[in-house]
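Build out the structure end to end from the sequences listed, making use of the hints.
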Amino acid sequence: MSGALSGGGPVVVGYRDETSGAALQWGAAEAGRRGVPLRVIHAYCPDPISPLAWGVPLPIDDARDFGAMMRANARSILEDALERVRTRWPELPLSSALVSVSPSASLVESSRHAGLVVVGRAAERSMAHGSTALTVAAHSQAPLVMVPAVAGEHVSPVAPDDDHRQLGAGKVVVGVDGSPECAGALECAFVQAAARRVPLLVVHATWWRPVSGQDPVTLAFDVSGGERGRQDFLGLGHWMARYPDVKLSCALARLPVGDALVEISRGAELLVVGTRGHGGFSDLLLGSVSRDVLVHATCPVAVVRRVPSAGLEDLDVESPAREQLTVS
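Using the numbering used here, read the sequence shown as starting at 1 and increasing by one per residue.
Simulated from the structure, these hints should not be mistaken for laboratory data.
Take these hints with a grain of salt, some might be off.
[Stated by the list, open to error] Pairwise CB distance ranges, derived in the manner of DEER restraints:
| hint | residue 1 | residue 2 | range |
| --- | --- | --- | --- |
| 1 | 237 | 105 | 37 to 45 Å |
| 2 | 83 | 237 | 26 to 34 Å |
| 3 | 101 | 122 | 55 to 63 Å |
| 4 | 247 | 65 | 58 to 66 Å |
| 5 | 178 | 18 | 38 to 46 Å |
| 6 | 8 | 170 | 38 to 46 Å |
| 7 | 206 | 72 | 25 to 33 Å |
[Said to hold, decoys possible] In the SDA-like style, the derived pairs of lysine to any residue whose C-alpha atoms are separated by at most 25 Å in a straight line are:
| hint | residue 1 | residue 2 |
| --- | --- | --- |
| 8 | 247 | 177 |
| 9 | 247 | 287 |
| 10 | 247 | 79 |
| 11 | 247 | 235 |
Cβ atoms here follow ideal geometry from the backbone N, Cα and C, with glycine treated the same way.
Set out below in structure tokens:
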């Protein structure tokens, strides 16, 4: 199976709390659009970090009951999430898992059988708040989509009234550089633009300091009219032929790549980027562009790796750390 958001496996959503509400809704809508099941996973820590509470040892009975209390609270959070899905998407096939391992570990494991993994990002944007998305994006065998809880402002060297900030509004935006690693991102972008019936904007960014007064982002060329050299350089020809109904435009950005994609994708339906893992140790690392957009983008971000998913069957993993909740 390819790395695009088009596989037949379930959509897996990592649900933390109400800050993951946007991710839950996005994942449910995507599962409904694709006609696949939705699986919601909530991870919790069953044990106290320390046997001390404010310097006072916990009573033995309280320490013994702490894990049960945490499990009950986690179960309540998960059931609330499931009820939200049932209310809005009553026909959507739905399953869930309550796990007592780290969120990143549970989602990476689940990605082996998923068509897509969806996570949220809290409003406070930092490497710490985006750590789950960064870890899962680096290790996941399925594409990852990060959905921010609240769209915010990203400080950049570009003036706030520049017209390019509206280029991606209402579109699917994909960043390309002409390398083979872009193939999966391009496939994902065309699939999503076609499914959503919205235009696709292809962004190629190259950083040099623009001349004073020069627009840092230019709608530089139209690839639809036989510009074969540009089509071949950006890897668009095959996908244009396969998705002729997708309205396509391209932008050349004279900005650092991460800044360009964050700025141009404001208001976009989805921003798609690839990542350069090639196997072995390099698979443990995300490129700087992927990290930048996962932390700073104000729209949903898809990170597509060139790694096939292990299978299409729904998750049914039984282990002491995993509780399967039955849903109707």
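Could you say whether the range 58 to 66 Å given as a hint is met by the Cβ separation of residue 247 and residue 65?
-> Between residue 247 and residue 65, where Cβ atoms are some 59 Å apart, the hint holds.
With respect to the beta-carbon atoms only, verify the hint that residue 237 and residue 105 lie 37 to 45 Å apart.
-> holds (40 Å)
Are the Cα atoms of residue 247 and residue 235 separated by 25 Å or less?
-> Judged against 25 Å, a Cα distance of about 16 Å means the pair holds.
Mind checking the hinted window 26 to 34 Å against the Cβ distance between residue 83 and residue 237?
-> violated (47 Å)
Status of the given 55 to 63 Å range, CB of residue 122 versus CB of residue 101 = violated (21 Å)
Between residue 247 and residue 287, is the straight-line Cα distance small enough, at 25 Å or below?
-> violated (29 Å)
With a cut-off of 25 Å on the C-alpha distance, tell me whether residue 247 and residue 177 pass.
-> Holds - the C-alpha atoms of residue 177 and residue 247 are around 20 Å apart, at most 25 Å.
May I ask you to test the hint 38 to 46 Å on the CB atoms belonging to residue 178 and residue 18?
-> With Cβ atoms ~42 Å apart, the hint holds.
Could one say that the CB atoms of residue 206 and residue 72 fall in the range 25 to 33 Å?
-> violated (54 Å)
Cβ-Cβ distance between residue 8 and residue 170: within 38 to 46 Å?
-> Violated, since residue 8 and residue 170 (Cβ atoms, about 28 Å apart) do not stay within the stated range.
Is residue 247 within 25 Å of residue 79, Cα to Cα?
-> violated (41 Å)
Comparing the model with each earlier hint shows violations of hints 2, 3, 6, 7, 9 and 10; every other hint is respected.
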